[in-house]
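For the record, the sequence lines run as chains L and R. Letter by letter, the first sequence follows residues 2 to 290 in the working numbering. Letter by letter, the second sequence follows residues 2 to 290 in the working numbering.
Hints may be right or wrong, so weigh each one.
As the list makes no split between identical chains, a pair holds if one copy fits it or if it spans any two.
[Unchecked claim] Distance condition first, Cα-Cα at most 27 Å in a straight line; then the derived BS3-like pairs of lysine-lysine:
# : residue 1 : residue 2
1 : 241       : 96
2 : 91        : 11
3 : 160       : 27
4 : 91        : 160
5 : 241       : 163
6 : 241       : 27
7 : 30        : 160
8 : 160       : 96
9 : 27        : 96
Derived from the structure by calculation, the hints contain no laboratory data. Given the structure is predicted, the values throughout are model-derived calculations rather than measurements.
Number of protein chains: 2
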Amino acid sequence: MKELIELVDKHLDEYISVIYPEDIFKAMKYTLSLPGKRLRPVMCLETARILGAEFEKAMPCACAIEMLHVQSLIHDDLPCMDNDDFRRGKPSNHKVFGEAIAVLAGDALISFAPQLIIEKSVGLSAEQIVRLLHEYTYFAGAYGLIAGQVVDIESEGGKFVKSPAETLNFIHLNKTAVLFRLALRCGAIIANAEESVINEFDDFAKKFGLAFQIYDDIMDEISSFEEMGKTIGKDKLSGKLTYVSLYGLDEAKDKFNHLIQECHGIMSKYESRIFDEILDKLKHRIGSR
Amino acid sequence: MKELIELVDKHLDEYISVIYPEDIFKAMKYTLSLPGKRLRPVMCLETARILGAEFEKAMPCACAIEMLHVQSLIHDDLPCMDNDDFRRGKPSNHKVFGEAIAVLAGDALISFAPQLIIEKSVGLSAEQIVRLLHEYTYFAGAYGLIAGQVVDIESEGGKFVKSPAETLNFIHLNKTAVLFRLALRCGAIIANAEESVINEFDDFAKKFGLAFQIYDDIMDEISSFEEMGKTIGKDKLSGKLTYVSLYGLDEAKDKFNHLIQECHGIMSKYESRIFDEILDKLKHRIGSR
Chain L
2 MKELIELVDK HLDEYISVIY PEDIFKAMKY TLSLPGKRLR PVMCLETARI
52 LGAEFEKAMP CACAIEMLHV QSLIHDDLPC MDNDDFRRGK PSNHKVFGEA
102 IAVLAGDALI SFAPQLIIEK SVGLSAEQIV RLLHEYTYFA GAYGLIAGQV
152 VDIESEGGKF VKSPAETLNF IHLNKTAVLF RLALRCGAII ANAEESVINE
202 FDDFAKKFGL AFQIYDDIMD EISSFEEMGK TIGKDKLSGK LTYVSLYGLD
252 EAKDKFNHLI QECHGIMSKY ESRIFDEILD KLKHRIGSR
Chain R
2 MKELIELVDK HLDEYISVIY PEDIFKAMKY TLSLPGKRLR PVMCLETARI
52 LGAEFEKAMP CACAIEMLHV QSLIHDDLPC MDNDDFRRGK PSNHKVFGEA
102 IAVLAGDALI SFAPQLIIEK SVGLSAEQIV RLLHEYTYFA GAYGLIAGQV
152 VDIESEGGKF VKSPAETLNF IHLNKTAVLF RLALRCGAII ANAEESVINE
202 FDDFAKKFGL AFQIYDDIMD EISSFEEMGK TIGKDKLSGK LTYVSLYGLD
252 EAKDKFNHLI QECHGIMSKY ESRIFDEILD KLKHRIGSR
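Chain L with its partners taken away, still in its complex shape (with noise of 0.2 Å):
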């Protein structure tokens, strides 16, 4: 996992070059190389080499689904979205860059990554790589990632369209789940898996993503700025609709259990070091609460 993550560092790092004009170049650049624990990227690569492709083909591919998340942070930090001056333990990219370059350094990297796609990857077919946009371009926008921010955002201000549950449950799938999807997805369609296997990954993304977001809002209930490299407790205040506001912390672990259990059922017959670790992990520090 540690090697894994390196590696992933080392790519993120090499992508991206510092020419002119530097400053959007470092602004995307800075909040990318804040330490994180790479899941998506290493869930990418993992997902491939199970399936029989080498990390070498899938490399540019989970980076660049690493940027779009990066790009999606910088973004929620910004000052008329969550407004949070702390990402990763450190100051978030509009307080280093000001506003106007954190919005455009998100915009780039929503380019840049398939760019990267395109540039870098070796071994596939101009299907294959088709594929693989398809995949990041549904998945990024209003099909995606967005359509999760705007949905969280209005909940928020108090805007419902479905039941507090249905919404919630939304938000969850789109804002978070969405990007696992993608790097499980893209990992299958790397490897040339069947249709029937990419399901499979889908589906178990899909409840990882879900159990990940229970775990985030479980550690905003009960985590420390230190931990968690962030402004810790906003929900409660805020008065956000979380798995643990609406739920309670009990039923919000059981149902965290229910999925890592499920996840482990899905990916039991690939024998993946990777992906047993990262569910114990998680699994862990929930559970030594």
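Given chain L, work out where chain R should sit, using these hints.
Okay, now just chain R, sitting in the frame of chain L:
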């Protein structure tokens, strides 16, 4: 020309359906539907046509380029950028939908545009689509449009890394010419044109883009809100670096006329009424002052 604009308007409207969560799709469609000259999509379609491809083949790509253009306008108008309350004579996106949704609508358009090329293109090979997406992502991001915007913002703040003349040229080429280059290059690629022909149209687009920006700089000096549909005279008030502020009105007009002449020269062998009309209209509006 009028028919082509209507055809583009119709497709821009049809390509985006308003589904849940409605606000994001409404926000995307709002700025997109404001009446415009649709120069970039029209020029993309016309390039494809005069090089032997049917309009339909180029329509998704032409509309995708207009979406990218509109995205840049939405983010450009934000309070943290140009802070402009009007666009094409109407309240700008963030004045109608709020800043958060305006940021997200722009983000969504950056992804939706290439998604459209993938989903709606008919009769193009996977290799052609990858090439179109490469052009799109390259010119949309930190190597094109965004680079131009960054240098524009920084020069307004008095930050110059290069000389004012070089800086202005970089801004014009990247902020303005880039979308015309994208439009013409993609039109030529869709028509399966040879590299030499792609380069010829690229050369036209660079010259046209520069002329168009000089036109805009001149109009900001001598025109009115009613005529342009946006706040006028801002450049002068803010002491912004423009072709007029750097070279004076007369030299700007001379340069503009010279570039339009060169554009006519490049395009003469294709006998395109559309390109002639576009060039003549710009020239007429400047010449009649």
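Evaluation of the provided hints:
In this assembly of identical chains, the alpha carbons of residue 241 and residue 96 lie at most 27 Å apart whether taken from the same copy (24 Å) or from different copies (25 Å). Taking the closest pair of Cα atoms, residue 91 and residue 11 come within 27 Å of each other only inside a single copy of the chain (20 Å); across copies the shortest separation is 47 Å, beyond that limit. Proximity of residue 160 to residue 27 under the C-alpha cut-off of 27 Å is restricted to the inter-copy arrangement: shortest distance 16 Å between copies versus 37 Å within a copy. Within a single copy, residue 91 and residue 160 get their C-alpha atoms only as close as 32 Å, which misses the 27 Å cut-off; across copies the closest is 26 Å, which meets it.
Taking the closest pair of Cα atoms, residue 241 and residue 163 come within 27 Å of each other only inside a single copy of the chain (16 Å); across copies the shortest separation is 47 Å, beyond that limit. Taking the shortest alpha-carbon separations for residue 241 and residue 27, only the inter-copy value of 25 Å comes in at or below 27 Å, while the best intra-copy value is 33 Å. Taking the closest pair of Cα atoms, residue 30 and residue 160 come within 27 Å of each other only across two copies (21 Å); inside a single copy the shortest separation is 35 Å, beyond that limit. In this homomeric assembly, residue 160 and residue 96 come within 27 Å of each other (Cα to Cα) only across copies, at 19 Å, whereas the closest approach inside a single copy is 29 Å.
Proximity of residue 27 and residue 96 under a CA criterion of 27 Å is satisfied intra-copy only: 14 Å inside one chain copy versus 31 Å between copies.
Of the hints listed earlier, there is not a single one the structure fails to meet.
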